[in-house]
Amino acid sequence: MTSGGIGRSVSAWAAGAFALFGGTAWANPEPNQLNMTKGAAEWSPYAMHMVALWVCVVIGVVVFGAMFVAMFRFRKSRGAVAEKWTHSTKLEVVWTVVPVIILIFLAHLATGGLTSFADTTNADMTIKVTGYQWKWRYDYVDYKGKGVDQVGFMSKLEETSDRTRQLKSNLDPDKIQVDGYHTYLLDVDKPLVVPVGTKIRFIIVGGDVIHSWWVPALGWKMDAIPGIANAAWTKIKEPGVYRGQCAELCGQDHGFMPIVVKAVPKAEFEQWLATQEDEAKVRKAAQTAQNAPAPAPQG
Amino acid sequence: MAHAATHDHHDHHGAPKGFFQRWVMSTNHKDIGTLYLIFSLTMFFIGGAFAMVIRAELFKPGMQLVQPYFFNEMTTMHALVMIFGAIMPSFVGLANWMIPLMVGAPDMALPRMNNLSFWIMPFAFILLLSTLFMPGGGPAGGWTMYPPLSLQGESIAYTIFAVHLMGISSIMGAINIIATILNMRAPGMDLLKMPVFVWSWLITAFLLIAVMPVLAGAVTMLLTDKYFHTNFFNAAGGGDPVLFQHIFWFFGHPEVYIMILPAFGIISEIIPTFARKPIFGYRAMVFAIASIAFLSFIVWAHHMFAVGLPMGAEIFFMYATMLIAVPTGVKVFNWVSTMWGGSMTFETPMLFSIAFVILFTIGGFSGLMLALAPADFQYHDTYFVVAHFHYVLVTGAAFSIMAAAYYWIPKWSGNMYSETWGKIHFWSSVISVNVLFFPQHFLGLAGMPRRIPDYNVAFANFNMISSIGGFWFGASQLIFLGVVIHCVFFSKKKAADRSWEGAKGLEWTVPSPAPFHTFDVPPVIHDDELAHGNTEH
Ligand code: HEM
Ligand SMILES: [Cu+2]
Ligand SMILES: [Cu+2]
Numbered sequence: 001m002t003s004g005g006i007g008r009s010v011s012a013w014a015a016g017a018f019a020l021f022g023g024t025a026w027a028n029p030e031p032n033q034l035n036m037t038k039g040a041a042e043w044s045p046y047a048m049h050m051v052a053l054w055v056c057v058v059i060g061v062v063v064f065g066a067m068f069v070a071m072f073r074f075r076k077s078r079g080a081v082a083e084k085w086t087h088s089t090k091l092e093v094v095w096t097v098v099p100v101i102i103l104i105f106l107a108h109l110a111t112g113g114l115t116s117f118a119d120t121t122n123a124d125m126t127i128k129v130t131g132y133q134w135k136w137r138y139d140y141v142d143y144k145g146k147g148v149d150q151v152g153f154m155s156k157l158e159e160t161s162d163r164t165r166q167l168k169s170n171l172d173p174d175k176i177q178v179d180g181y182h183t184y185l186l187d188v189d190k191p192l193v194v195p196v197g198t199k200i201r202f203i204i205v206g207g208d209v210i211h212s213w214w215v216p217a218l219g220w221k222m223d224a225i226p227g228i229a230n231a232a233w234t235k236i237k238e239p240g241v242y243r244g245q246c247a248e249l250c251g252q253d254h255g256f257m258p259i260v261v262k263a264v265p266k267a268e269f270e271q272w273l274a275t276q277e278d279e280a281k282v283r284k285a286a287q288t289a290q291n292a293p294a295p296a297p298q299g
Numbered sequence: 001m002a003h004a005a006t007h008d009h010h011d012h013h014g015a016p017k018g019f020f021q022r023w024v025m026s027t028n029h030k031d032i033g034t035l036y037l038i039f040s041l042t043m044f045f046i047g048g049a050f051a052m053v054i055r056a057e058l059f060k061p062g063m064q065l066v067q068p069y070f071f072n073e074m075t076t077m078h079a080l081v082m083i084f085g086a087i088m089p090s091f092v093g094l095a096n097w098m099i100p101l102m103v104g105a106p107d108m109a110l111p112r113m114n115n116l117s118f119w120i121m122p123f124a125f126i127l128l129l130s131t132l133f134m135p136g137g138g139p140a141g142g143w144t145m146y147p148p149l150s151l152q153g154e155s156i157a158y159t160i161f162a163v164h165l166m167g168i169s170s171i172m173g174a175i176n177i178i179a180t181i182l183n184m185r186a187p188g189m190d191l192l193k194m195p196v197f198v199w200s201w202l203i204t205a206f207l208l209i210a211v212m213p214v215l216a217g218a219v220t221m222l223l224t225d226k227y228f229h230t231n232f233f234n235a236a237g238g239g240d241p242v243l244f245q246h247i248f249w250f251f252g253h254p255e256v257y258i259m260i261l262p263a264f265g266i267i268s269e270i271i272p273t274f275a276r277k278p279i280f281g282y283r284a285m286v287f288a289i290a291s292i293a294f295l296s297f298i299v300w301a302h303h304m305f306a307v308g309l310p311m312g313a314e315i316f317f318m319y320a321t322m323l324i325a326v327p328t329g330v331k332v333f334n335w336v337s338t339m340w341g342g343s344m345t346f347e348t349p350m351l352f353s354i355a356f357v358i359l360f361t362i363g364g365f366s367g368l369m370l371a372l373a374p375a376d377f378q379y380h381d382t383y384f385v386v387a388h389f390h391y392v393l394v395t396g397a398a399f400s401i402m403a404a405a406y407y408w409i410p411k412w413s414g415n416m417y418s419e420t421w422g423k424i425h426f427w428s429s430v431i432s433v434n435v436l437f438f439p440q441h442f443l444g445l446a447g448m449p450r451r452i453p454d455y456n457v458a459f460a461n462f463n464m465i466s467s468i469g470g471f472w473f474g475a476s477q478l479i480f481l482g483v484v485i486h487c488v489f490f491s492k493k494k495a496a497d498r499s500w501e502g503a504k505g506l507e508w509t510v511p512s513p514a515p516f517h518t519f520d521v522p523p524v525i526h527d528d529e530l531a532h533g534n535t536e537h
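Going down the list, the sequences are from chains A and B. According to UniProt numbering, the first sequence is numbered sequentially starting from 1. According to UniProt numbering, the second sequence is numbered sequentially starting from 1.
Hints were generated in silico from the structure; no laboratory data involved. All values derive from a computational prediction rather than experimental measurement.
For the chain B half of the interface with chain A, some residues (derived, Cβ under 8 Å), not all of them: (1) Gln152; (2) Leu368; (3) Asn456.
We treat Cβ as the ideally placed atom computed from N, Cα and C, and that holds for glycine.
Isolated chain B (complex conformation):
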């Protein structure tokens, strides 16, 4: 049939013309990747706005701006939006864009499901954010949603349904990623030649499938406790509030690794590129990711050292947690060794990656300290913990995402971004983020609990410094927005196919910008062209 043939032909050349056709009906991994990235950047700014409210209220002692209840809504929403709206979807966006390009596949394995997993997300967040405008307000019991407190909120049902939607979206995304990596690799792209980023996502996807249903179970029990008279977590009815914490953190700790393993992958691609030297210990890197993922299932109660666990449990979870420091250390040492003996240049993606290695490691150090249960009796639920997880999540996960954006945006847009403005963005961010979070270690050690809207005057100075850093960091991200918009729409500097001198891997063999369809025919793999094609170890 001639018609079908031309139609087919058409499909394989350009993007659909209509806006609705192209973006809402999309089954193209690149467009869906773009949608994810735009969505997560939007959420990053919304979550950031909440953080600005928090830091403004904490600027000095006394309540100046918001009621305590609203403050709690802000801390809760900030975390939910940043975790589920900004960090996770941006990694999925990167996976969508890059995994098919990196393994030589024409698209994701399940393109329609891909569309569905993205388009669920805006609805989930509209549901979640709408609670802020409802009588009774949004969820205010913390992102951890511990009962009985979370059950006092009137918007808990909305939050739970939003979490369910996000979970469905994540699981579908994860299935798609696994199916793509396992089935769609070009011949010759052996598992042990895959980019570390692809490996990291393969492992992360299994973590997602394993733990998102656990979260769904936990919040569903909250829902039935609230509305259907069950007593899972109600002590008066024979339930146990601590049960929720066990279930939540069985999800929650792997969840924090879901937010860092893809970051490890990104950094493992960028550092070799700009050091012009293959990654040190490729297999060790993959093995470290896998062992971190495994260990992440047996450490959950380190978030619960102060709930009064039996001593044997405290000891077990303490040892298991400390063990994670070993593979994490291996990764850091390998990155440093990759740089050693290289021929380095310091473009913006490399700057963000180096900052990642240093600052993530600082977060790892505080993690190790937190793992020591007796010391955690002091640290727990203080600003020391807040400092810890912002070092691993902001200067860790978020920095890696920015590094990835600078690294691959030439491939996405076909244009080079402004290196000057990229560097300004980097330096402004890296200085301000430390002004913002480093003093929080001191506050925590001095005795300031987390999640409080007001504090004793002893904590005044460091809070003010932290707030100044916060506004400055927030403002710096507007530079990022500017750089991205300029690069995509206005930059005159065209990107080469291989946009970076030292870049290796299949994604650099296709034109920039990457055409709507790539690898219709599987590429012939030459090991020398791969970033990890010749790594024996």
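Next comes chain A alone, as it looks inside the complex:
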């Protein structure tokens, strides 16, 4: 509706509906998307979400169905005469016990999901994520059991989006695209680069107020709270660019601190990391040579 014709809308709807009924996996928000992403990581709440959704749909059909039948059959205008009964032990037992059984089943599923999510041990890699008003900082702590030397950077909303989102900028959010994907407010100057097929532990903290680090394709969000080190993990299955946003209100630019995770094959990642480490060394050397009073603060 913001742009493009009806044709595009229709095909987008079709794609959305297709995805809803179990077609292609899509990781980043798509126009007219109806359902949760299956995600790109090993751990995903998608299946549980679908089970819960269908349980609700089935119960809804039964209950609302009964209501509509009642509204049709027991109308005064059709000559219905009110009955007098107000009670039925059998029915009441049924509709107490049946929900309990369904709930136990759901609780069982959810407990499994929680247990696997809580297990952040045996990670091959650790990344520290710090939330600031209104940007993220990423510090690579270790990789394959070895400490990483001074690789860390800020990651904030990329410039075209930032200009476009100013009040009455009159710039068109639709124009901002990367590889055909509309990235308005979902792109950063410097993404977090991670390897696929690697269990990554995130240590998530808040630098000033509470933020929440959320990439839907990874299947979870975790609050970034001052004074508390939260842990979470992911193991990304496929290379790709996965986009998310801060999910906890953190002040005026809360809507403008996106997250981009670029997952690349392991070899490529190792190369990237090595380059970063080298650059860090060069920077450090230059600083010592210059005898700079103090290194830039590291959050």
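Got chain A; can you put chain B with the ligands on it based on the hints?
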């Protein structure tokens, strides 16, 4: 003394003549009830205006109307005004009007305190709303006021004092309601013959007394953190920001039930009336309300699944939350069974009640999904949650209040409202509210966080649809205003004492409009006249 006698006599016949005497000095439960209802309707429109600003800014991608900070002020104020200004006071207004009439009492137990608890409210809201015009603006950290963010605001002290005032008002109101129900019932009005609405308010009042002081404590700690160098929530000083969330939600979850239990009561009065059949499972209904109230104290951390609780805590709060679905289900099944085998007509109060049952249940379904902690890692703080709580609060609480207004306005005003316009209001509201909130489920699942003033173009279509529904729903409420004004001042159609064919209960035994004083002498109770007089179960 002849003079005293005549004076007394006078008191018991009509309302005081002077405007100030009648409304500002009032100790009459009906007038105070009216004041509460007018106040909450006013707040409903003010809060609604804020919502219009929000939906206008979100109409399409890009920032067109307001600065992000002002947007945050709007979301914060919208919630505070709607929760504390519109929903809660309107239930108190209904309690004031109806509880004495329903239990056969001449007035509330503590009439002067009643006056005070109402007249605090306008001052609380003037204080709160005035912050919008101050340098630095109003509170913008969300109605949940999480520190450290909320402490960055300059108007936090005003907000806190306003919250204190509202809390005092609510507690006094609750004490009054409990005292009235427990002490002022007419002989023969046994507890288990009381209308479900009265039961629901009795339980709600206990919830209020239990949790409003907790909120007061939480915000007071915010105040001292901000101005007196305490460090309750300041990590750098050894405090813990998460502590605030625990305290807040210990209040906050019972609070959401404070906003729905009286609604359950209202619906349990209206459906039997228009089904012409007694409520199914009266005792189960009362017991369900009580167990929901109890459970509401042990589920608070389901609002905090993403703060990094220990796994054991997540599991406990998940199970406890899922348990609430059982008594909630019982209520829904009982309403449906009340309709089954009835002889139904569909006047406006019944239409709103049926819509309540269906749409509140949809909100309950999303609630159940949100209760599953691993899935909540995705849902939390997205538009999916926004959709959830608007289904339970707008099509739940607010619809029940409208149903109640249509149901009892003949008793209040002595006139019938226009059924045609009532139905137009209903259909316009029920369609638009779904256009407004249903797409928000999709937005949340697709990945749109809540409380953001601007969004990626992927979210454009559903936001536009939602905004259109929003303006339409907002406009529909002007019809409601019209219907009420017409009914009270212009309607030619007089209401019968028993305004609805199937209506039972003491409130229908007094004239319409209800005279200034009713039940000066306790009524003689005939079980057949009560809505729940013969319910064995
Ligand atoms: C079956 C019953 C219900 C269940 C299982 C349930 C569950 C939940 C859960 C788990 C959340 C937290 C979602 C999140 O932030 O991630 C939530 C939020 C909320 N619920 Fe419910 N809920 C139920 C009924 C209600 C009712 C009856 C009301 C009020 C009338 C209500 C009002 C709210 C509100 C206002 C929020 C959001 C608070 C906020 O973060 O601003 N819910 N609900
Ligand atoms: Cu944020
Ligand atoms: Cu809750």
